[in-house]
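Okay, here's what each chain looks like letter by letter:
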Amino acid sequence: MRLVILDDYDKASLWAAKYIMNAINGFKPSQTKSNFVLGLPTGSSPLGTYKYLIQFFKEGMVSFKNVITFNMDEYVGLPRDHCQSYHTYMWDNFFKHIDINPANVHIPDGNAPDLIVECNNYEKAIDQAGGIDLFLGGIGTDGHIAFNEPGSSLASKTRLKSLAADTIASNARFFEGDIQKVPKMAITVGVKTVMSANEVVMIIICGGHKSFALHMAIEEGVSHMWTVSAFQQHPRCTFVVDEDATLELKVKTVKYFKGLMEVHNKLVEPRVPSSFTAP
Amino acid sequence: MADRPKLYQFTNCRILRDHKLIRSDLWVRNGRILNPKLLFWDEKVQADVRIDCCNYIISPGFIDVQINGAFGIDFSSPDIDISHGLRIVSKGLLQHGVTAYCPTIVTSSPQTYKSILPRIKKRPGGSHGATVLGVHLEGPYINPLKRGAHECEMIHSKVENGLETLLNTYGSLDNVVLITIAPEIPGILDAVQELAQKNVVVSLGHSAATLSQAETAVNRGASFITHLFNAMVPFHHRDPGLIGLIASNNVPAGKTIYYGVIADGVHIHECGLRVAHRINPAGTVLITDAMAAMGLNVKKYQLGPMVVEIRDGHAYLESTNTLAGSVVTMDSCVKYFRQASGCTVVETLEAATLHPALLLGIADSQGTLSFDTNADFTVLDDNLNVMSTWIAGRRVWMHDDCQMVLTD
Chain Y
1 MRLVILDDYD
11 KASLWAAKYI
21 MNAINGFKPS
31 QTKSNFVLGL
41 PTGSSPLGTY
51 KYLIQFFKEG
61 MVSFKNVITF
71 NMDEYVGLPR
81 DHCQSYHTYM
91 WDNFFKHIDI
101 NPANVHIPDG
111 NAPDLIVECN
121 NYEKAIDQAG
131 GIDLFLGGIG
141 TDGHIAFNEP
151 GSSLASKTRL
161 KSLAADTIAS
171 NARFFEGDIQ
181 KVPKMAITVG
191 VKTVMSANEV
201 VMIIICGGHK
211 SFALHMAIEE
221 GVSHMWTVSA
231 FQQHPRCTFV
241 VDEDATLELK
251 VKTVKYFKGL
261 MEVHNKLVEP
271 RVPSSFTAP
Chain F
1 MADRPKLYQF
11 TNCRILRDHK
21 LIRSDLWVRN
31 GRILNPKLLF
41 WDEKVQADVR
51 IDCCNYIISP
61 GFIDVQINGA
71 FGIDFSSPDI
81 DISHGLRIVS
91 KGLLQHGVTA
101 YCPTIVTSSP
111 QTYKSILPRI
121 KKRPGGSHGA
131 TVLGVHLEGP
141 YINPLKRGAH
151 ECEMIHSKVE
161 NGLETLLNTY
171 GSLDNVVLIT
181 IAPEIPGILD
191 AVQELAQKNV
201 VVSLGHSAAT
211 LSQAETAVNR
221 GASFITHLFN
231 AMVPFHHRDP
241 GLIGLIASNN
251 VPAGKTIYYG
261 VIADGVHIHE
271 CGLRVAHRIN
281 PAGTVLITDA
291 MAAMGLNVKK
301 YQLGPMVVEI
311 RDGHAYLEST
321 NTLAGSVVTM
331 DSCVKYFRQA
341 SGCTVVETLE
351 AATLHPALLL
361 GIADSQGTLS
371 FDTNADFTVL
381 DDNLNVMSTW
391 IAGRRVWMHD
401 DCQMVLTD
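Same order as they appear, the protein sequences are chains Y and F. The opening residue of the first sequence carries number 1 in full-length UniProt numbering; numbering runs sequentially from there. The opening residue of the second sequence carries number 1 in full-length UniProt numbering; numbering runs sequentially from there.
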């Protein structure tokens with residue numbers, strides 16, 4: 001595992017964006033796999049990363065022509081074009097700004113006639129694309145990844161999830177404060193789906209309030225009560241965090257990883273080879 | 001697939017949409033503006049052609065609802081080859097960012113109306129020129145006291161039989177979308193109601209009406225004021241007259257009173273523009289009221305039986321100070337209005353696009369860059385100079401300095 005500690009959210013976002021750009025640019029198409037496959041999150045954490053990826057695209061430094069994307073989740077029953085849908089989020093914050101082929105974009109369809117079939121097909125589509133090369137993620141204060149809230153099976157795949165009462169209540173602010181309007185279910189990739197990715201990059205933003213989740217993610221044992229902790233067992237996982245997010249970590253942990261920053265920063269220099277081993 | 005219509009993406013631009021100048025791409029296919037989100041999620045298609053707009057502003061095309069002629073063409077001239085004239089003007093207006101207009105006929109004889117009107121057909125725009133939206137009839141039911149440059153002998157001072165009287169004069173209203181009348185003319189109000197029911201926009205102008213006469217006309221269906229401040233009684237605080245209509249509260253709730261302004265620096269003092277705009281910003285409609293000498297570099301011009309003198313870029317009846325229309329272009333009106341009124345780029349552009357479209361009831365297809373409307377637009381630099389003009393998604397005019405780049 002890598003822990004990359006940057007001064008603030010903006011620098012963390014820039015680091016993650018450069019890392020992803022290098023992964024895309026370093027990708028060598030093969031007979032079995034002609035596109036780079038990227039897993040994508042929504043929420044506030046990745047916004048800065050998307051902003052920088054868009055900037056790099058506009059500067060001609062990266063193209064998404066040969067990138068296939070899979071999003072982590074989508075609400076069930078929310079109209080696709082609703083302002084709170086993850087389709088809308090992805091369109092507004094990323095896809096409309098870049099040159100990605102719409103046929104290469106995947107987001108679970110929360111309005112599919114048969115949601116179970118939709119979930120199973122989603123996993124199949126990931127397999128058909130040759131598996132996910134890099135999964136970008138963010139985490140909640142309770143350590144959830146996608147809608148895999150505390151207690152979710154670490155062996156879970158894409159499936160239908162009922163949202164926790166807390167999540168529904170806190171989401172009401174996005175739905176005119178009306179709890180009745182908040183979707184009660186979502187389709188989400190499972191922990192196993194993300195674990196199956198070749199590489200995982202986690203962004204944890206602006207700190208303080210997520211610092212305990214980071215502590216539980218990397219300093220305690222693997223637990224389904226902190227689903228993000230599962231990535232301790234992923235061979236290539238990188239946490240990109242800001243200073244505030246380290247508040248609950250041991251000084252020893254922080255010092256160790258800060259000592260490695262020089263090495264880690266080489267990963268985001270232009271044209272890094274795509275193959276390297278995690279420390 | 002070879003014949004599939006091409007999808008165009010105008011990028012690196014700011015577009016006027018929903019009363020804001022937003023940084024967004026403009027997507028066009030088959031002459032229509034499309035919602036890229038639906039293209040992305042439903043059709044899963046990408047643009048065939050991307051056009052780098054060099055950070056220019058994309059505005060809906062300008063709409064001029066009052067233009068008497070230009071480039072040597074006078075629409076009211078009885079002996080004009082009108083289809084030739086429309087071709088010349090339609091084409092010539094493109095360089096000024098105008099994508100649609102209402103050829104305007106000044107007070108004329110019944111014979112002239114009957115000869116000219118059937119031949120000014122509504123016509124969609126294209127590379128041949130701007131859209132002809134339909135005729136604006138300015139007169140002959142106007143007040144001789146406020147006739148301006150209209151010929152006194154041809155003015156009608158009463159209406160005996162409502163719309164029928166008007167039809168006797170004009171022949172047919174098939175090609176007409178807008179009529180300027182003076183509401184104080186006896187009998188005209190019955191016609192106003194009938195015109196409004198036929199979706200002909202009624203405008204009040206060349207009039208000495210009191211405010212209450214004007215309000216009565218509005219309640220019968222009138223919705224526009226022809227070249228505000230000009231050819232009407234000056235504003236008086238105890239007797240506001242037609243000008244007072246822009247601040248009236250005796251009109252149907254929610255109804256916008258639109259008013260044309262000739263923003264050429266002489267028809268209205270810039271303070272007058274500010275007064276009108278601040279009282280009723282949603283009603284401002286920029287018009288040129290241009291006459292045949294617009295676009296010609298001449299000192300004198302024969303306008304029907306009258307001679308018009310061009311002094312300092314303005315048109316007067318010979319040897320008088322009576323303004324005889326203007327020789328101003330729409331793009332210069334836009335620039336002048338922005339500077340003189342001190343309003344925003346959005347407010348300025350909407351006065352030349354959205355407002356005239358709303359006035360004419362065509363905003364579902366023109367005057368906006370909303371989805372599923374006509375791709376008629378004008379590309380402007382930050383100083384509101386026209387860089388290129390597009391109709392139905394095709395470029396119909398381009399400035400030599402325009403740097404827009406197409407990539408397939």
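Wrong hints could be hidden among the right ones.
[Stated by the list, open to error] In silico EDC-like cross-links for lysine to aspartate or glutamate, where the CA-CA straight-line distance does not exceed 20 Å:
hint	chain 1	residue 1	chain 2	residue 2
1	F	299	F	270
2	Y	65	F	164
3	F	20	Y	92
4	Y	51	F	25
5	Y	184	Y	99
6	F	335	F	382
7	Y	192	Y	149
8	Y	58	F	25
9	F	6	F	372
10	Y	65	F	52
11	Y	96	F	25
12	Y	96	F	18
13	F	6	F	18
14	Y	58	F	52
15	F	37	Y	92
16	F	44	Y	92
17	Y	65	F	43
18	F	335	F	312
19	Y	96	F	42
20	Y	252	Y	220
21	F	6	Y	99
22	Y	96	F	48
23	Y	11	Y	262
24	F	146	F	164
25	F	114	F	42
26	F	44	Y	149
27	Y	65	F	42
28	F	299	F	309
29	Y	250	Y	7
Hints in this document: simulated from the structure, not taken from any laboratory.
Verification of the supplied hints:
This hinted pair does not check out: residue 299(F) and residue 270(F) have alpha carbons roughly 25 Å apart, beyond 20 Å. Restraint check: the Cα-Cα separation between residue 65(Y) and residue 164(F) comes to about 66 Å, which exceeds 20 Å; the hinted pair is violated. Taken as a hint, the residue 20(F) and residue 92(Y) pair is honoured in the structure, with Cα atoms around 17 Å apart against an allowance of 20 Å. A distance of roughly 17 Å separates the Cα atoms of residue 51(Y) and residue 25(F); the hinted pair therefore holds under the 20 Å criterion.
A threshold of 20 Å between alpha carbons decides the hint, and for residue 184(Y) with residue 99(Y) the separation of about 34 Å lies outside it, so the pair is violated. Proposed proximity of residue 335(F) and residue 382(F) is supported: the alpha carbons are some 10 Å apart, at most 20 Å. Of the supplied pair hints, the one linking residue 192(Y) and residue 149(Y) holds, its CA atoms being roughly 14 Å apart against a limit of 20 Å. About 13 Å separates the Cα atoms of residue 58(Y) and residue 25(F), which keeps this hinted pair within 20 Å; it holds.
At most 20 Å may separate the alpha-carbon atoms for a hinted pair to count; residue 6(F) and residue 372(F) meet this at roughly 16 Å. The straight-line distance between the Cα atoms of residue 65(Y) and residue 52(F) is roughly 19 Å, inside the 20 Å bound, and the hint therefore holds. As the CA atoms of residue 96(Y) and residue 25(F) are separated by approximately 9 Å, the hinted pair is consistent with the 20 Å bound. For the hint pairing residue 96(Y) with residue 18(F), the CA-to-CA distance comes to about 19 Å; that is within 20 Å, so the pair holds.
As the CA atoms of residue 6(F) and residue 18(F) are separated by approximately 26 Å, the hinted pair breaks the 20 Å bound. Between residue 58(Y) and residue 52(F) the CA atoms are separated by roughly 12 Å; this keeps the pair inside 20 Å, and the hint holds. Between residue 37(F) and residue 92(Y), the direct Cα distance comes to roughly 9 Å. Compliance with the 20 Å bound is thereby established for this hinted pair. Under the criterion of a C-alpha separation no larger than 20 Å, the hint pairing residue 44(F) with residue 92(Y) is consistent with the structure, at around 16 Å.
Restraint check for residue 65(Y) and residue 43(F): the C-alpha separation of about 17 Å stays at or below 20 Å, so the hint holds. Note on residue 335(F) and residue 312(F): the hinted pairing holds, with a Cα-Cα distance of about 18 Å set against a maximum of 20 Å. Of the pairs offered as hints, the one joining residue 96(Y) and residue 42(F) holds, with about 14 Å between alpha carbons and a cut-off of 20 Å not exceeded. This hinted pair checks out: residue 252(Y) and residue 220(Y) have alpha carbons roughly 14 Å apart, not beyond 20 Å.
The suggested pairing of residue 6(F) with residue 99(Y) holds, with an alpha-carbon distance near 17 Å, which does not exceed 20 Å. Our distance criterion of 20 Å between C-alpha atoms is met by residue 96(Y) and residue 48(F), whose separation comes to about 15 Å. Restraint check for residue 11(Y) and residue 262(Y): satisfied, since their Cα atoms lie roughly 15 Å apart, inside the 20 Å limit. Under the criterion of a C-alpha separation no larger than 20 Å, the hint pairing residue 146(F) with residue 164(F) is inconsistent with the structure, at around 25 Å.
Among the hinted pairs, residue 114(F) with residue 42(F) is inconsistent with the structure: their alpha-carbon atoms are about 51 Å apart, more than 20 Å. Taking the CA atoms of residue 44(F) and residue 149(Y), the gap is about 32 Å. The hint is violated against a cut of 20 Å. A C-alpha spacing of about 19 Å is found between residue 65(Y) and residue 42(F), which places the hinted pair at or below 20 Å, so the restraint holds. Between residue 299(F) and residue 309(F) the alpha-carbon distance is near 6 Å, which keeps this suggested pair within the 20 Å criterion.
The hinted pair formed by residue 250(Y) and residue 7(Y) meets the criterion: a straight-line CA distance of about 17 Å does not exceed 20 Å.
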